[in-house]
Amino acid sequence: MIAPAEPSVEAEPMLKVREILDRHDHRASRLVPILQAVQESYRYLPAEVLTYVAQELDVPAARVFGVATFYAHFAIVPKGKHVIRLCDGTACHVKASMPILDAIRSRLGLSEQQATTPDMLFTVETVACLGACGLAPVVVVDEAVHGQMTPEGAVELVERLMAQEAST
Amino acid sequence: MKTTVTANTIQIDGRAVPVNGERNLLELIRKSGIELPTFCYHSDLSVYGACRLCLVDIQGRGIQGACSTPAEAGLVVRTQTEELRDIRRIAVELLLANHDQQCPTCPKSASCRLQGIARQLGIRHVRFRPVHAPEPLDESSVSLVRDPNKCVLCGDCVRFCGEIQGIGAIDFAYRGHEAAVLPAFGKGLGEGECVNCGQCAALCPTGALSPRPETNDVWRALHDATKTVVVQVAPAVRVALGEAFGMMPGTDTSGRLVAALKRLGAARVYDTAFSADLTVLEETHEFLERKASGERLPLFTSCCPAWVKFAEQFAPDLLPNLSTCKSPQQMLGALCKDTLPAELGLAREQVVMVSVMPCTAKKFEAKRPEFKVGGNPDVDHVITTQELAHMIEEAGLQFDELEPESFDLPMGFKTGAGVIFGNSGGVSEAVLRHASEVVAGHPVPVSELCMTRGEEGMRFASVEIGDVVLKLAVVYGLRQARTLVNRIRNGELAVDLVEVMACPGGCVGGAGQPVTADGQARRQRTRSLYEVDKRLDLHKSQDNHYVRESYRRHLGDIGGPRAHQVLHTHYASRRCASEGCAAHATCPQVALRSEEPAI
Ligand code: SF4
Ligand code: SF4
Ligand code: FES
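Going line by line, the protein sequences match chains C and U. Numbers 1 to 168, taken from the numbering used here, label the letters of the first sequence in order. Numbers 1 to 599, taken from the numbering used here, label the letters of the second sequence in order.
Calculated from the structure, these hints are not laboratory results. For clarity, every value in this text was computed on a predicted model and none was experimentally measured. Every residue, glycine too, gets a C-beta built ideally from N, C-alpha and C. Hints may contain errors.
Unchecked claim - Partial list, derived from the structure: chain U residues whose beta carbon lies under 10 Å from chain C:
#, residue
1, 158
2, 161
3, 167
4, 168
5, 170
6, 173
7, 178
8, 182
9, 183
10, 186
11, 187
12, 575
Unchecked claim - Take a look, some chain U residues computed to stay more than 10 Å from chain C by CB distance:
#, residue
13, 47
14, 48
15, 288
16, 319
17, 535
Can you build the whole structure from these sequences, using the hints too?
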């Protein structure tokens, strides 16, 4: 099993970030797209990268942190290779999404406090409405949407991914 | 009562009130004598519109925030209706539900606006239950304590730090019911770019931000028979302390203040204005030397520790231009610790230097590693004006009944030049009073040297003495300082001396001063310091014979090697390229800074 490459900041000091900043002309008004690009390349927003971005854009670090924590899309702690999102919007909640969440968490040994497995393979999150209420309850694994989920079905999805990881 | 609405009036609760260029409806309502309660409105800051307490009923428009409504003539406004009353009460109840309600033990208890408004609105009962688990205090800063459990998210601190200080050390993070005011990355306030000016705490309507108290340390030293407590008092303290005891802002309390400190057990009470005189001699010497050689100009003052940290963070290229003079607080500390132990037959550790300052940044300054000898600090404890008031109160002293006493000699003797240090423009004026005499070769009347006085946040002056022209800039508020620095950097502005103070109006407006609702208090303190100057016999630092005596006995020549050893310091950049910097582990800056107070 190969652990996903931990984004190493020291190995190439800020090279990727500098490239992203250049692409956006170091414009403070482009903060959100810059953070999106950073997240894409590091899979989360590491504090030292944000510090660097703040300094380069001449924006206070606390402001950058504020923006990074305001949008649910951004993560300030590293996420696993596979991100499993469970919808807990009103429709999904009513259609019993919580037992699904419990099942996934218990299969992976996760909890509300610990969202990511120690081997950095899985992160489990809840989101407020994915806009697919007709399919409730909904689970999104990486980019794939799975509707009308059941606790058993969700565990099966997870186990399939685990098997896939074990064989690579 | 007439209810006509004429061309340039607004009708407020049935009365016509003339509109006179007010910034918004809230200002007009207040001018008309109705004190609408608010948390998030502050006339020096941008309008935020978050607290929803300023709501009023405007005919034809419904319920609107008065702070964010322009004062347009013709409006018909009601400030009291059953509906408004309900909305306001719910808003305050919701705030209280989000607040830990540990009021009797809160440092702001006596000056809390949340308590004040709850009282004003007659809230007797909170219908909502708190949902947050208590969070730990942030005690990482030596100047301030942050208690997240008391924050009402008014954002006053965030806006002051960003808009007036140009720092942005704290900001809103997260959202919804998780929203909080936090330093970057949820770190401690003491670990980031905060320069300790404390103005956020002065504005905070609750106890979410407050000066970090050191009164317990001072009490302990006073009660310890093996220790001799020596106190110094900064100029701005004497004209503000009285406010804590119901006196008029600006009342000069020098005599009672000394008496109170003596009653509390201080062995000596010295005046920081004495070492301000010392600073003037050293700094003028440095200034004229640089002026002659044309090197490292402009000279920036270094008395304000918030500005010094700001420069170390944001203007490391200009550090060579900072005066190497220690601040008056540190000069007096160094001089006392240098001379008193021998004089009193005590060990250095037995002499405890306590300073009373209008300032929270002075707490940080006293703990900088460079101001220690063999691990023992030159200034042991720094308490604010407010903290001294608390100590006097705790001791049960009736402040207004104390028989005035005078400062101890020699270091309690000062000239007016040392006293006006507490005002923005005061350091420059004091330096001018000395420099003019050196350059001209004869005394110049003090009344000809008042050009640096004023209310504006950024001021310029120039003085001609013989064929020498001295150009000065005076600034308060660090965002303004940054603007000035940028203009100097890109060659737009050529000046010889720049005085920078972080706080509004200088130290008289420091965050350690009593919190008053009186917007004029600061101006009265300023006026009063100039009055004290007038009342004193001497007005020029060079005329302070006790300072001269210090040079003869301990310090040698002005600007000489011994004076440098005791009275001067150095600065170091705090600008890391980034924490990802390859040299981080071995960086001498990082090593030096890591010695800084970790509490
Ligand atoms: S003390 Fe001054 S610098 Fe620090 S957070 Fe408060 S306003 Fe900002
Ligand atoms: S201006 Fe005066 S009171 Fe304010 S931070 Fe500076 S030294 Fe302290
Ligand atoms: S003062 Fe208008 S919303 Fe706070």
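Just pull the numbers of the violated hints for me, sorted ascending.
As far as the earlier hints go, not one is violated by this structure.
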